[in-house]
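*Asks:* Sequences and hints are given; from them, build the entire structure.
Heads up: the sequence lines are chains A and B, in that order. For the first sequence, counting from 1, position 225 maps to 225 in my numbering; every step adds exactly one. One rule links them: number in my numbering = place in the second sequence (from 1) + 1000.
No wet-lab data here; the hints were simulated from the structure.
Negatives, chain A to chain B, calculated, CB over 12 angstroms:
| id | residue |
| --- | --- |
| 1 | Ile31 |
| 2 | Asp34 |
| 3 | Gly132 |
| 4 | Arg142 |
| 5 | Gly222 |
| 6 | Glu255 |
Here are the simulated distance ranges between beta carbons:
| id | chain 1 | residue 1 | chain 2 | residue 2 | range |
| --- | --- | --- | --- | --- | --- |
| 7 | B | Gln1305 | A | Asp130 | 32 to 38 angstroms |
| 8 | B | Cys1060 | A | Glu109 | 49 to 55 angstroms |
| 9 | B | Asp1107 | A | Arg70 | 53 to 59 angstroms |
| 10 | B | Ile1059 | A | Arg39 | 50 to 56 angstroms |
| 11 | B | Gln1305 | A | Lys274 | 38 to 44 angstroms |
| 12 | A | Ala27 | B | Gly1069 | 35 to 41 angstroms |
| 13 | A | Gly224 | B | Arg1116 | 40 to 46 angstroms |
| 14 | B | Ile1296 | A | Ala275 | 23 to 29 angstroms |
Since the model is a prediction, treat every value here as computed from it, not as a measurement. Just so it is clear, CB atoms sit at the ideal spot from N, CA and C, and this is done for glycine as well.
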Amino acid sequence: MRYALYPGCVARGAAPELYTATLQVCARLGIELDVDSMRGAACTGAGVLQEKNERLGDALNARTFALAERSGLPLMTICSTCQGVMSQANKRLTQDPAYLAEINADLAEEGLEYRGSADPRHLLWVILEDVGIDKLRSLVVRPLTGFKAAPFYGCYIVRPSSALGFEEHPDRQDALEQVIEAVGAEVVDFPGKTLCCGFPILTINQKNSLRMVANHTLDARGRGADAMVTPCPLCHLNLDGYQPNAAAAAKKPIELPILHLPQMIGLALDIDPKAMRLNKHIVSTKKLLSELAVAP
Amino acid sequence: MKATLRVRRFDPDSDTPEAHFQEYDLDVEDSATVLDGLIKVREEVDGTLTLRCSCRSAICGSCAMRINGQAGLACNTKISDAVPRGGGPITIEPAGNMQIIKDLVVDFQPFWDKVRAVEPWLQPEGPEPETEYVAPNDAMLHEAGVMACIMCGACVSDCTVLAVDSNFLGPAALAKAYRLVVDPRDDAEASRLARLDEYGGVWDCTRCMECVEVCPKGVAPMDRIMALRDKAMERGHTGTYGARHADAFADSIKHSGWLDELKLPIKTFGLFNIPKILGLVPVGIRAQLAGKRPPIFHKSIPGVQGIRRIFDRMESRR
Chain A
1 MRYALYPGCV ARGAAPELYT ATLQVCARLG IELDVDSMRG AACTGAGVLQ EKNERLGDAL
61 NARTFALAER SGLPLMTICS TCQGVMSQAN KRLTQDPAYL AEINADLAEE GLEYRGSADP
121 RHLLWVILED VGIDKLRSLV VRPLTGFKAA PFYGCYIVRP SSALGFEEHP DRQDALEQVI
181 EAVGAEVVDF PGKTLCCGFP ILTINQKNSL RMVANHTLDA RGRGADAMVT PCPLCHLNLD
241 GYQPNAAAAA KKPIELPILH LPQMIGLALD IDPKAMRLNK HIVSTKKLLS ELAVAP
Chain B
1001 MKATLRVRRF DPDSDTPEAH FQEYDLDVED SATVLDGLIK VREEVDGTLT LRCSCRSAIC
1061 GSCAMRINGQ AGLACNTKIS DAVPRGGGPI TIEPAGNMQI IKDLVVDFQP FWDKVRAVEP
1121 WLQPEGPEPE TEYVAPNDAM LHEAGVMACI MCGACVSDCT VLAVDSNFLG PAALAKAYRL
1181 VVDPRDDAEA SRLARLDEYG GVWDCTRCME CVEVCPKGVA PMDRIMALRD KAMERGHTGT
1241 YGARHADAFA DSIKHSGWLD ELKLPIKTFG LFNIPKILGL VPVGIRAQLA GKRPPIFHKS
1301 IPGVQGIRRI FDRMESRR
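*Replies:* Pasting the structure below:
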């Protein structure tokens, strides 16, 4: 199992802990990562560039897919937003050969051509479909017994379902819950798990963005969650980074740790929390780790 | 087939006006829709169950409700498809983001107020033509995608922004606004876009795609909102935080191939926007202390020249 890793911007910027945790967890799960092939790949546009110019976004993503094809490896993401934007672009590019040919004309100058074979998949789906939930369960050395985890997917890994292969892979719809259970933790189900974290409007309408953070974290907390787990670093930025602001605006304490997906898996694989930078969160994970009897 | 409908009941005039769930075990045809099931309950089991419905053919838009937590038309959702994975009852609730009147009936007044607020009628200028207004076929074919809207309110029900801010115009009204902005017979594009650029308009959408997912007619309201943003920016409405954010985002990718997370908020707010910049300080300090500050010297990715060339070609074509 070898993949070309496309980490996305946030894992290389404001969420370095996600990148670190991914490398360590993948090594334990037998997921080999080529971290070099995609170094020259652009940002997906995150849906923002697409507001201005969807075709430009498609060209950048076609370029990324062409680089992946050149590496000869399947493409793996670790960001729900990257996943969704890539899946949507890939759908437009592969369902219309004339459009793909036009876009390829723009890539030709760089000597690149996208042949339409890329199948970008998030680490979450790779675990589900290539590693296997049973294999993950068998690799757990420290089951997270008693840990109550609320899943939080991030919009773009659940919508639009027509671009995300849910028909062929129905298990993707509750992949996060399956992983939470496989590591021995308990799922805290709540309606907010597939809703918006508010990050895309953080700089546009901060009040609304913080309300979304407060609503989801307080709801999960109220249902008994010890922490939230997300495969999306953008959600993490808002749910963790802006949780103090959200708590102040809502005039309620929240203090709900937000874990990146590989961080939670890493705890069950007995990887040192510090090595996964769990001590480098905005909302402290100290209490959670001591409850799990893992040194903070 | 046998199925259980778990219906959210609420009657403000009853002695116990608390919302609660009531389960109905049904034996229905394999082809039965959720609406068939609800009508069966109302006619054969419990005549007090209240719901709106009419055409039973996904045309009238009356029976939008939440089925297993997601908005949809009861009449085009088959019971066999709605049974949750792993079995169990089908949960049926009224549409969200609107006041419940009774059981599955919600108050659509705010919905209609917002549709009215976008002035959903053609506003041509100049003298009336002697015969009819003529529109090119291509333009109307494009518009037909939006005109397919049946005003069922499914998108409004599940809009994640309306859940926190009732001031937002919302997906249905904004899709309607788009339909008028692109109509070749309408001459009010400039004033429409100016209004849509304001608070509660196109920039308040959080791009969560709930509306795209739940729309039973493929209207894709969010895609229309994104197109309105693009049109507003083209018309010179570039001063909003939303437009500045989109510009700063595109500039960052063009310049370095990836996102400069430090510069993005500063360029969005403007360096001399003192209150907003001061507001970033605590967040910046927290990130610094946690070792989460993005790199100050933002390096370009290898091969960024190729990315710049793609930008130049695409932008020059517009």
